[in-house]
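A.B. asks: Protein chains in written order, with my numbering: chain A, 4 to 361; chain B, 4 to 361; chain C, 4 to 361; chain D, 4 to 361.
Derived from the structure by calculation, the hints contain no laboratory data.
One or more of the hints may lead you astray.
Identical chains share a label here; the pair holds if one copy fits it or two copies do between them.
[What the hints assert, rightly or not] With a cut-off of at most 20 Å between alpha-carbon atoms, the simulated PhoX-like pairs for lysine-lysine come out as follows:
1) Lys-217 / Lys-324
2) Lys-23 / Lys-200
3) Lys-192 / Lys-101
4) Lys-23 / Lys-77
5) Lys-258 / Lys-165
6) Lys-255 / Lys-90
Number of protein chains: 4
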Amino acid sequence: MFNSFGNIYCLTSFGESHGKGVGGVIDGFPAGIIIDEEFVQQELNRRRPGQSILTTPRKEPDQVEFLSGIFEGKSTGCPIGFIIWNKNQHPNDYNNLKGVYRPSHADYTYTVKYGHRDHRGGGRSSARETISRVVAGALAKLALRQLGISITAYTSQVGPIKLEGTYSDYNLDLIETNDVRCPDTEKAKEMGDLIYKVKGEGDTIGGTLTCVIKNCPIGLGQPVFGKLHAALGNAMLSINAAKAFEYGEGFKGLKMRGSEQNDVFYNNNGRIETHTNHSGGIQGGISNGQDIYFRVVFKPIATLLMEQETVNLDGIDTTLKARGRHDACVLPRAVPIVEAMAAMTILDYYLLDKTTQL
Amino acid sequence: MFNSFGNIYCLTSFGESHGKGVGGVIDGFPAGIIIDEEFVQQELNRRRPGQSILTTPRKEPDQVEFLSGIFEGKSTGCPIGFIIWNKNQHPNDYNNLKGVYRPSHADYTYTVKYGHRDHRGGGRSSARETISRVVAGALAKLALRQLGISITAYTSQVGPIKLEGTYSDYNLDLIETNDVRCPDTEKAKEMGDLIYKVKGEGDTIGGTLTCVIKNCPIGLGQPVFGKLHAALGNAMLSINAAKAFEYGEGFKGLKMRGSEQNDVFYNNNGRIETHTNHSGGIQGGISNGQDIYFRVVFKPIATLLMEQETVNLDGIDTTLKARGRHDACVLPRAVPIVEAMAAMTILDYYLLDKTTQL
Amino acid sequence: MFNSFGNIYCLTSFGESHGKGVGGVIDGFPAGIIIDEEFVQQELNRRRPGQSILTTPRKEPDQVEFLSGIFEGKSTGCPIGFIIWNKNQHPNDYNNLKGVYRPSHADYTYTVKYGHRDHRGGGRSSARETISRVVAGALAKLALRQLGISITAYTSQVGPIKLEGTYSDYNLDLIETNDVRCPDTEKAKEMGDLIYKVKGEGDTIGGTLTCVIKNCPIGLGQPVFGKLHAALGNAMLSINAAKAFEYGEGFKGLKMRGSEQNDVFYNNNGRIETHTNHSGGIQGGISNGQDIYFRVVFKPIATLLMEQETVNLDGIDTTLKARGRHDACVLPRAVPIVEAMAAMTILDYYLLDKTTQL
Amino acid sequence: MFNSFGNIYCLTSFGESHGKGVGGVIDGFPAGIIIDEEFVQQELNRRRPGQSILTTPRKEPDQVEFLSGIFEGKSTGCPIGFIIWNKNQHPNDYNNLKGVYRPSHADYTYTVKYGHRDHRGGGRSSARETISRVVAGALAKLALRQLGISITAYTSQVGPIKLEGTYSDYNLDLIETNDVRCPDTEKAKEMGDLIYKVKGEGDTIGGTLTCVIKNCPIGLGQPVFGKLHAALGNAMLSINAAKAFEYGEGFKGLKMRGSEQNDVFYNNNGRIETHTNHSGGIQGGISNGQDIYFRVVFKPIATLLMEQETVNLDGIDTTLKARGRHDACVLPRAVPIVEAMAAMTILDYYLLDKTTQL
């Protein structure tokens with residue numbers, strides 16, 4: 004139940020960072036979609052560690068192997084099994100973690116909940132788990148592309164360095180031109196410098212991602228407990244280190260009165276549109292045809308390359324220092340994950356919406 | 004599927020603002036719990052309109068009638084049906100809405116999605132829908148009380164007026180002593196004055212609620228797609244007008260590095276605890292025994308008592324002015340709703356956690 | 004979770020035989036369907052006790068009251084709440100049951116499972132629970148009628164008296180012309196006489212119902228765990244007293260070899276059809292456009308009007324004799340229930356099938 | 004949604020007969036259970052083709068490879084991914100099937116439903132899909148063993164040759180001593196001879212399996228739509244070629260009146276038991292502590308080694324003859340599959356039952 008995401012379009016994932024591999028089963032993918040495996044691999048490459056000096060130097064090829072559900076290059080409507088073998092494991096790197104609870108990690112809570120823990124690299128709570136999401140998200144994007152729907156995320160804040168404008172103020176084509184994945188190239192440089200500096204200090208830093216969904220049909224979303232923004236929020240908060248979600252004006256809206264925040268309808272040559280889009284493309288939990296945009300806050304990664312106090316499994320105070328290879332900032336590599344979760348959500352809701360009328 | 008909330012403990016709700024009534028079916032409530040109907044009614048009274056000069060003067064008695072699942076004062080384990088009849092309907096108040104799309108309401112999106120709309124008072128998208136949540140939340144609270152778990156929400160910001168401290172800086176017993184439901188009595192007065200002023204101008208204003216869950220057992224939450232905070236976020240974002248959710252440090256954490264935000268473990272007389280609680284009581288998606296706290300942003304209510312531009316059903320530009328009886332700020336009455344959604348979520352996850360080990 | 008039936012089209016029901024009423028919430032009903040309330044009431048009347056000398060003389064009006072989800076005579080796409088008030092309760096009839104476990108009833112298992120039991124008339128395990136199903140089934144029939152799909156059940160066996168032919172050997176228009184609901188009027192008389200005789204002896208008798216679904220589109224069903232016949236079987240076995248389910252040739256097929264039971268395809272003027280229909284209209288779990296037919300076995304009702312041995316709540320041996328008003332055979336009144344469950348299943352799978360391709 | 008089985012203990016499966024492999028993800032398996040991989044392999048061997056002269060001579064090793072969720076020999080509570088690689092593929096065997104619809108197979112219905120078909124060996128509708136079930140069933144058995152619950156199935160009928168007694172009349176230890184898996188060694192020989200003869204004629208034959216669950220705790224099952232026998236029926240009807248399900252007396256009960264079929268309670272030295280067990284261990288949908296037993300009818304396998312008429316993809320009449328390697332009777336190899344589905348169901352309901360009381 005809880006390693007599955009989605010209602011109709013549904014990913015069930017498995018795998019730990021230092022087991023044999025990660026993978027999953029994708030169910031409910033529409034039949035007859037051309038599977039562009041190269042595109043799926045490109046998405047995985049965007050998530051992969053070791054892409055730049057900003058990210059961990061671990062080189063994990065993360066090659067996806069599809070096992071079923073595809074025949075002669077097209078989806079058959081049957082479940083798509085897939086696996087990404089773990090290749091570059093350094094289980095010994097984690098021997099020093101065996102006996103301690105790492106601060107702000109899942110170690111302690113897993114141990115209490117399950118009574119039995121795989122300590123190697125965080126086990127199931129490792130970021131490698133998100134590989135399966137990127138695969139399912141890439142397939143969803145292939146289906147959404149046929150519908151003309153696009154999904155784009157970018158880094159909008161790193162620590163105190165922040166893009167002041169909203170998504171429409173930037174040229175989103177520039178996102179992939181820098182390591183930080185920020186459409187403002189100047190700010191991107193500042194952010195990159197900061198991450199590099201923080202990394203040198205053995206510390207980590209957080210930030211925000213912004214995501215925009217363009218060309219979403221009107222009518223996606225279920226009015227009460229399946230509001231489209233609640234589904235997106237749930238999707239985003241399921242990503243490791245996510246601490247907050249806002250859509251439309253979100254927190255900024257606190258400065259506005261109702262008369263300022265309402266999006267007034269007008270007739271745009273026969274099409275009903277809104278002058279403003281403070282609502283973020285969703286009204287009453289249902290998409291209204293305007294751009295959907297939201298923001299996700301990620302805290303600094305909990306694994307530090309400096310010494311920290313903690314307790315060991317017997318509850319005795321000790322200290323801990325992680326070894327080698329860790330990102331100082333989750334943001335750049337989280338971009339494809341945010342896009343993947345959004346793509347899965349939109350495709351799921353698109354399929355669900357087909358059942359609204361006979 | 005989408006008028007249900009919860010996995011094991013599950014509310015399925017029905018009802019529109021100007022139909023016969025609102026109600027629902029509560030499934031999965033543990034057998035043998037004493038049903039304190041007076042407590043349920045008190046919770047409904049906290050949500051009810053017309054409690055103070057700050058809220059709409061509509062006096063809706065909102066009397067719950069239980070229809071099943073209770074025998075000799077205790078839950079039987081069978082589904083609990085209930086209804087709250089609509090008594091104080093003024094359908095004529097809404098005649099002027101029949102032909103127009105209200106700005107930032109669900110009118111337009113419902114019409115496109117369903118092709119057939121109940122325009123009276125917002126129909127299903129009305130705030131009356133939350134009555135069913137308060138009933139299911141009150142029952143959940145009765146069960147959680149037996150486990151020693153408490154859930155408390157309060158108004159922490161109205162427009163620019165904001166509590167600077169966190170929940171532990173306040174005496175939460177003061178929350179219900181003022182109409183705004185704010186534990187800082189001085190700030191409460193300021194907030195109340197602002198709401199009153201905004202109301203006088205025919206306008207509306209937003210704000211934030213903070214919620215704290217005390218004494219939650221360690222181990223609730225599912226690691227990947229069922230993280231406890233994602234479930235809470237989904238629950239909160241399902242409430243009308245909610246625009247953002249953050250837990251633990253949330254947005255504030257953007258100012259901290261990993262070395263500052265990590266919660267260091269220590270041995271507190273044999274119990275493993277953390278010195279700080281930046282994580283908000285949840286690590287790796289699982290409760291760690293510390294207080295769980297989060298914040299929800301509500302936008303200003305979209306219904307204004309001033310004239311607004313909009314279009315009618317034919318897409319022709321027109322103006323609109325709502326009549327009588329509307330809140331200028333959703334916050335005070337949203338407090339019991341936020342608590343109810345949190346209580347339902349925690350009970351559901353408590354029951355789920357029982358299946359983790361044989 | 005377990006008082007809900009269906010994936011997209013979903014009934015969640017509540018209510019005990021001697022509580023205030025029975026009812027439920029219908030979710031996922033397509034928007035824009037004309038709600039013929041008279042038809043719904045007719046279906047309830049077919050299920051009602053006291054229709055004939057064969058059934059219990061209790062006269063329960065069983066008037067449905069819709070509470071939401073319908074506006075101006077059409078479904079809005081919002082959940083449809085409904086209630087049927089219990090009017091003709093005789094709780095005192097059951098006082099003698101308070102302290103004993105009735106043989107082959109749910110009394111004992113409920114008490115162990117829940118620790119707290121509503122003994123009046125069987126509580127939740129009463130046949131009155133099926134009223135909600137008939138309401139949801141009637142709405143499903145209204146939607147299926149628009150698609151040209153019809154569902155018809157009839158009594159095909161009572162004790163040893165059995166229709167030898169299959170559904171296509173009978174004029175199904177005759178079903179409602181007799182109290183037994185059997186299309187063979189002569190056999191119907193025999194069956195009726197037998198039920199009357201058994202009733203006079205204070206005993207009960209079982210039998211079988213046959214159900215046929217005509218004009219079902221090709222393609223409904225999910226290949227592995229959601230096979231159409233498995234969904235129908237699950238639906239039928241959820242009806243009280245159902246002990247077996249077979250579709251197509253079922254048990255009879257044990258006499259045939261593969262070469263006899265296979266349904267050979269042929270080209271019927273451009274349409275692919277099968278010469279025979281041993282498969283019962285479903286191949287590989289998916290409808291193939293031929294008639295779907297199946298049979299359900301119902302055991303004799305456990306409530307007898309004669310003395311039986313049993314134990315009381317303290318485990319002490321005692322005897323028991325039920326009072327007044329009970330059916331001697333569940334078959335005639337089960338006909339509309341079987342149809343209702345089949346209609347709900349087919350509508351649910353019809354809606355699901357819409358998500359198979361983009 | 005439809006390649007998953009179970010609520011809490013849940014298998015999601017993937018794979019086609021002639022793709023890379025079959026496998027799945029097992030979610031909700033309790034943490035801390037010792038994984039006896041040898042036992043899992045033995046169960047797979049029981050399902051494997053080529054075990055005896057009665058079954059297809061294809062030798063498929065069907066070696067399971069676990070990919071996650073197990074650490075130091077125990078389940079961790081995380082999802083268990085697994086794969087069984089397809090090794091002995093003969094895709095050319097199926098080239099002659101590419102252009103035709105095989106009678107009583109899923110070919111035609113799949114093609115209409117999905118518009119795109121993997122014709123090789125039946126693709127997803129192949130019996131190889133059940134391998135994943137046997138793996139998940141074997142794990143469930145390991146958990147149930149800790150609870151003292153045992154599940155045993157056997158062949159009780161092949162064509163007209165039938166065991167007259169019920170399960171308690173036989174020594175179930177003899178089941179695995181013959182190729183037919185029948186506890187009556189004499190009848191087993193007759194059955195085996197019949198299967199061998201039918202096979203020689205290029206034909207196939209059906210039969211029934213009986214399954215008994217011993218030592219099931221009282222209280223498993225959900226009263227209305229989640230009745231234990233409905234869950235078992237749904238599980239059994241999801242197996243290829245299953246055409247009927249009966250539990251307790253089932254069809255035989257048609258010969259009994261209520262006074263004969265009721266199971267009378269008595270006090271067996273302080274334990275409440277029933278003299279008879281016509282109910283099959285389930286009353287009101289809930290286990291009552293007596294043995295649970297049921298029977299499943301399997302039709303003859305549709306693939307014949309003789310010529311059959313059919314149509315090709317263009318709807319033109321043609322003939323078809325399958326090549327080599329096919330079982331003439333599904334029964335012997337279906338025994339472990341029936342046990343697996345029963346084991347998964349019972350474990351799932353056992354875990355669910357833990358949520359009934361606080």
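A.B. asks: Which holds for Lys-23 with Lys-77 at a C-alpha limit of 20 Å: within a copy, between copies, both or neither?
C.D. replies: between (28 Å within a copy, 16 Å between copies)
A.B. asks: If the cutoff is 20 Å on CA atoms, where do Lys-23 and Lys-200 land: within, between, both or neither? Let me know, please.
C.D. replies: Classified as neither: same-chain Cα gap 35 Å, cross-chain 47 Å, threshold 20 Å.
A.B. asks: Within, between, both or neither: how does the pair Lys-255, Lys-90 come out at a Cα-Cα threshold of 20 Å?
C.D. replies: Classified as neither: same-chain Cα gap 45 Å, cross-chain 38 Å, threshold 20 Å.
A.B. asks: Checking Lys-217 and Lys-324: alpha-carbon separation at most 20 Å within a copy, between copies, both or neither?
C.D. replies: neither (44 Å within a copy, 32 Å between copies)
A.B. asks: Between Lys-192 and Lys-101, at a C-alpha cutoff of 20 Å, which is it: within one copy, between copies, both, or neither?
C.D. replies: Result: close neither inside a copy nor across copies, 38 Å intra and 54 Å inter.
A.B. asks: Using 20 Å as the alpha-carbon threshold, which applies to Lys-258 and Lys-165: within, between, both, or neither?
C.D. replies: both (19 Å within a copy, 12 Å between copies)
In this structure, the earlier hints numbered 1, 2, 3 and 6 are contradicted, and the remaining ones agree with it.
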